[in-house]
Each structure stands twice: as structure tokens, then as C-alpha cells.
Amino acid sequence: MTDREIVEEYRNGSQEKAFNALVKAYSERIYWHVRRFVCSHEDADDLVQEVFVKVWKYLPGFRGESELFTWIYKIATNEALNFLHKQKIRAALQFESLTTELERKIDDDPYFNGDNALRLLNKAIASLPEKQKTVFLLRYYDEIPYEQISEITGTSVGALKASYHFAYEKVRGFLEKNKD
Amino acid sequence: MDNKDLHKTTGQTVPEGYFENLQMRLSEIPEKEKTKVVPLRTKLVPYVSLAAGFAILLAVGNFVLRSTATSTTATSEDEEQLYYASLLSTTVGYEDLYYDEETADEDDIINYLIESGTSLNQIASVRFSE
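Each protein sequence line maps, in turn, to chains A and B.
Letter by letter, the first sequence follows residues 2 to 181 of the numbering used here.
Letter by letter, the second sequence follows residues 52 to 181 of the numbering used here.
Derived by calculation from the structure, the hints in this document are not laboratory data.
Ideal placement from N, C-alpha and C gives every residue a C-beta, glycine not left out.
Careful: at least some of the hints might be erroneous.
Unchecked claim - Derived CB-CB ranges, DEER-like: (1) B:VAL96 with A:PHE167: 42 to 48 Å; (2) B:THR93 with A:ASN179: 46 to 52 Å; (3) B:GLU79 with A:ALA93: 34 to 40 Å.
Claimed, not checked - Derived DSSO-like pairs (lysine-lysine); straight-line CA-CA distance at most 30 Å: (4) A:LYS18 with B:LYS85; (5) A:LYS55 with A:LYS132; (6) A:LYS87 with A:LYS162; (7) A:LYS25 with B:LYS83; (8) B:LYS85 with A:LYS132; (9) B:LYS83 with A:LYS75; (10) A:LYS89 with A:LYS106; (11) B:LYS85 with A:LYS87; (12) A:LYS171 with A:LYS124; (13) A:LYS25 with B:LYS94; (14) A:LYS87 with A:LYS106; (15) B:LYS85 with A:LYS180; (16) A:LYS18 with A:LYS55; (17) A:LYS87 with A:LYS55; (18) B:LYS83 with A:LYS18; (19) B:LYS85 with A:LYS75; (20) A:LYS58 with A:LYS75; (21) A:LYS178 with A:LYS89; (22) A:LYS75 with A:LYS25; (23) B:LYS83 with A:LYS58; (24) A:LYS75 with B:LYS87; (25) B:LYS87 with A:LYS18; (26) A:LYS171 with A:LYS106; (27) A:LYS55 with B:LYS85; (28) A:LYS124 with A:LYS58; (29) A:LYS55 with B:LYS83; (30) A:LYS162 with A:LYS180; (31) B:LYS87 with A:LYS106; (32) A:LYS162 with A:LYS75; (33) A:LYS124 with A:LYS75; (34) A:LYS75 with A:LYS171; (35) A:LYS55 with B:LYS94; (36) A:LYS75 with A:LYS18; (37) A:LYS55 with B:LYS87; (38) A:LYS58 with B:LYS85; (39) A:LYS58 with B:LYS94; (40) A:LYS87 with B:LYS83.
Using the sequences and the accompanying hints, generate a full structural model.
Structure (C-alpha cells):
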């Protein structure tokens, strides 16, 4: 079922059927999207549920001015960033940084089967500032065009390209600095 | 994009059968949200606030009238008792709706402050000034 068909289905009164189609189409993508932000399976599992609760709650107000796809990604990205913001405050109260906290999660993650290079890449991404991390994850992993990332983040395409460039350079620098 | 490729380059994995289970849980959201019961406390808060507002207005009004009235217009003792009785009916007991017997620990307080948008500096200044 396409996004348009899902929206049609919802407007024709089959709300639950439409929602289930939406879950089928997006749950896995949204899970991976938030997992890359929070670096932990348990946290991602909680977040993806919160995302879909909000999707269900706000779907009646979806007017179709943006694509369903970008609308869902916007909710998911906001949820992930809010989560990281809270983590940052909690970490600061323990005299730690968010990056240290995320690095610990990456090191202790039982659901990881990559090598050290991948672990290092995940840590490099975890060390990025919020905006750079968002554009890097959406562009590099989800391969979403800048125009759609612009809709998701509310940032201009030019600014996104600049952020991606800085993020890419930082990741590369981090990997070079920490190799072996 | 193919869902199977989504996690290839991060090395992150999920438990066996996780996504089937996740879809099942997410599909239950509409049903759960429909049957979600709003706590009585939440329902009553607007009414209790309104009643408390009226009570405060009455008390303030009474204070102003009393402080500006001449001594010859004093009300009788019976009328005064009746007045306080009417106040009691709207105020007594409502504080029970706000406070339960559970005590909040430090995490609850920090979570509340975070949720309410309090800045890190403010939280830290309260916490570490103890």
C-alpha cells in the first residue's frame, strides 16, 4: 500500500487498517532511524513505540501538506532528539558528557556484531553535534534527498549541505585520530 | 530503500523475531489508546481549580469588604458561620486530589524538571546547593 493509499484509507474511515499498513511500511525503518541516534536497542524499542503512539494521536490532523513519509520521520527525529536532550542533562548531573554515555552504550551493546572499525564509526557519529548528526544519519544511512531532509528538519538545503560536509569531515577526523 | 539493508553498515542487530513482535505491539496502539482511562485526578483538576479560584475570590472580597466597612455593618455570628461553612464545602478535601502518599525520589524530581523545560544550570544549582 502506498502512502497516498494509506491516507485515503484513513480518510475513508478505516483508521486502524490504515494505521496497520503504516506500521508495516515504516516500523522497521523508524526503528533503525532512532536506533542510530540513541545507540541502544532498549532505548530504540521504547522510542519507536512512542513515535507510533504520536503518529496515531496526530494522524487525524495530518492534512497532506507534506508527504506522509517526511511527516513520520519528523516525529521520529524529534522524539530521538528530545530523548538525547534528556540524556544529556542526566549525564551532566553525573559530571559526564552525552558522548561518554553514548560511547558506553556502544561498547556495552549486546546487539552488535560489527568489527572495531564499525564500532569506531558509531562512536564518531555519536560525538557529532545534534544538527550535524541528524543530517548525517538521514543522508548517509537513510539516503534521503536534501529536499526531504529540509522538510523533516525545517532547515534550508544550503545549511543542510554545509552541516553534512562538517559532519563528514568530523567523522573522518575522528576515525583517523582513533585508528589503532 | 530495502529494509534488509538498513542496518548493514552500523553493525547493530536486533533479537530474533524482533520486528514481527514489534509490528504486533504497534498494531495494538489504536485499541490501547481507545481504552486509555483518564485518571479521576486529571479529570477533576479543572473543576477543583475553578472551585479554589472562587473560594479565593470570596475570601479576598470578604477581606476587602470587612476592612473597608464601618463597624455598624458587622454581620451576625450565625451568618458568619454559614459563610465559612459554604467555603468549607468547596475547599476541604481537594488537596487530597493533588497529593498521594507516595514520596518522590531525586530521579522523579529531576525527570519532572527536565520535562518542564527547566535548564540544566537551574537543575544543577538546586541539586548541588544542597
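Checked hints:
The hinted range of 42 to 48 Å is satisfied by VAL96 (chain B) and PHE167 (chain A), whose Cβ atoms lie roughly 47 Å apart. Between THR93 (chain B) and ASN179 (chain A) the beta carbons are some 50 Å apart, a value that agrees with the proposed interval 46 to 52 Å. Roughly 36 Å separates the CB atoms of GLU79 (chain B) and ALA93 (chain A), a value that falls within the hinted 34 to 40 Å. Only pairs whose Cα atoms come within 30 Å are accepted, and LYS18 (chain A) paired with LYS85 (chain B) is accepted, the gap being roughly 15 Å.
With a C-alpha separation of about 22 Å, the suggested pairing of LYS55 (chain A) with LYS132 (chain A) holds against the 30 Å cut-off. Note on LYS87 (chain A) and LYS162 (chain A): the hinted pairing holds, with a Cα-Cα distance of about 27 Å set against a maximum of 30 Å. A distance of roughly 18 Å separates the Cα atoms of LYS25 (chain A) and LYS83 (chain B); the hinted pair therefore holds under the 30 Å criterion. For the hint linking LYS85 (chain B) to LYS132 (chain A), the alpha-carbon distance of about 36 Å lies beyond 30 Å, and the restraint is violated.
With a CA separation close to 24 Å, the supplied pair LYS83 (chain B) and LYS75 (chain A) stays within the 30 Å bound. Between the alpha carbons of LYS89 (chain A) and LYS106 (chain A) the distance comes to roughly 14 Å, so the proposed pair stays at or under 30 Å and holds. Of the supplied pair hints, the one linking LYS85 (chain B) and LYS87 (chain A) holds, its CA atoms being roughly 29 Å apart against a limit of 30 Å. Proximity of LYS171 (chain A) to LYS124 (chain A) is assessed by CA-CA distance (about 11 Å); at most 30 Å being required, the pair is judged to hold.
For the proposed pair LYS25 (chain A) and LYS94 (chain B), the alpha carbon gap of about 35 Å is over 30 Å, so the pair is violated. Among the hinted pairs, LYS87 (chain A) with LYS106 (chain A) is consistent with the structure: their alpha-carbon atoms are about 16 Å apart, no more than 30 Å. With a CA separation close to 52 Å, the supplied pair LYS85 (chain B) and LYS180 (chain A) exceeds the 30 Å bound. For the hint linking LYS18 (chain A) to LYS55 (chain A), the alpha-carbon distance of about 17 Å falls within 30 Å, and the restraint holds.
The suggested pairing of LYS87 (chain A) with LYS55 (chain A) holds, with an alpha-carbon distance near 19 Å, which does not exceed 30 Å. Taken as a hint, the LYS83 (chain B) and LYS18 (chain A) pair is honoured in the structure, with Cα atoms around 15 Å apart against an allowance of 30 Å. For the proposed pair LYS85 (chain B) and LYS75 (chain A), the alpha carbon gap of about 24 Å is at most 30 Å, so the pair holds. For the given pair, LYS58 (chain A) sits about 15 Å from LYS75 (chain A) by alpha-carbon distance, which is consistent with the 30 Å threshold.
Between LYS178 (chain A) and LYS89 (chain A) the alpha-carbon distance is near 24 Å, which keeps this suggested pair within the 30 Å criterion. This hinted pair checks out: LYS75 (chain A) and LYS25 (chain A) have alpha carbons roughly 18 Å apart, not beyond 30 Å. Restraint check: the Cα-Cα separation between LYS83 (chain B) and LYS58 (chain A) comes to about 12 Å, which is no more than 30 Å; the hinted pair holds. Simply put, LYS75 (chain A) and LYS87 (chain B) have alpha-carbon atoms about 25 Å apart, close enough for the 30 Å limit, and the pair holds.
Distance check on the hinted pair: LYS87 (chain B) and LYS18 (chain A) sit about 20 Å apart at the alpha-carbon level, within 30 Å; holds. Distance hint between LYS171 (chain A) and LYS106 (chain A) is fulfilled; the C-alpha atoms sit about 21 Å from each other, no more than 30 Å. For the hint pairing LYS55 (chain A) with LYS85 (chain B), the CA-to-CA distance comes to about 14 Å; that is within 30 Å, so the pair holds. At roughly 34 Å between alpha-carbon atoms, LYS124 (chain A) and LYS58 (chain A) are farther apart than 30 Å, so this suggested pair is violated.
A hinted pair counts as satisfied when its Cα atoms are at most 30 Å apart, and LYS55 (chain A) with LYS83 (chain B) qualifies at roughly 13 Å. With a CA separation close to 27 Å, the supplied pair LYS162 (chain A) and LYS180 (chain A) stays within the 30 Å bound. Proposed proximity of LYS87 (chain B) and LYS106 (chain A) is contradicted: the alpha carbons are some 33 Å apart, above 30 Å. A hinted pair counts as satisfied when its Cα atoms are at most 30 Å apart, and LYS162 (chain A) with LYS75 (chain A) qualifies at roughly 18 Å.
For the given pair, LYS124 (chain A) sits about 24 Å from LYS75 (chain A) by alpha-carbon distance, which is consistent with the 30 Å threshold. Between LYS75 (chain A) and LYS171 (chain A) the CA atoms are separated by roughly 25 Å; this keeps the pair inside 30 Å, and the hint holds. With a C-alpha separation of about 22 Å, the suggested pairing of LYS55 (chain A) with LYS94 (chain B) holds against the 30 Å cut-off. Distance check on the hinted pair: LYS75 (chain A) and LYS18 (chain A) sit about 22 Å apart at the alpha-carbon level, within 30 Å; holds.
Straight-line distance between C-alpha atoms of LYS55 (chain A) and LYS87 (chain B) comes to about 14 Å, which keeps the hinted pair within the 30 Å bound. Taking the CA atoms of LYS58 (chain A) and LYS85 (chain B), the gap is near 10 Å; set against the 30 Å cutoff, the hint holds. With a C-alpha separation of about 19 Å, the suggested pair LYS58 (chain A) and LYS94 (chain B) falls inside the 30 Å cut-off, and the hint holds. Of the supplied pair hints, the one linking LYS87 (chain A) and LYS83 (chain B) holds, its CA atoms being roughly 26 Å apart against a limit of 30 Å.
Figure legend: structure checked against the earlier numbered hints; hints not met, in rising order: 8, 13, 15, 28 and 31.
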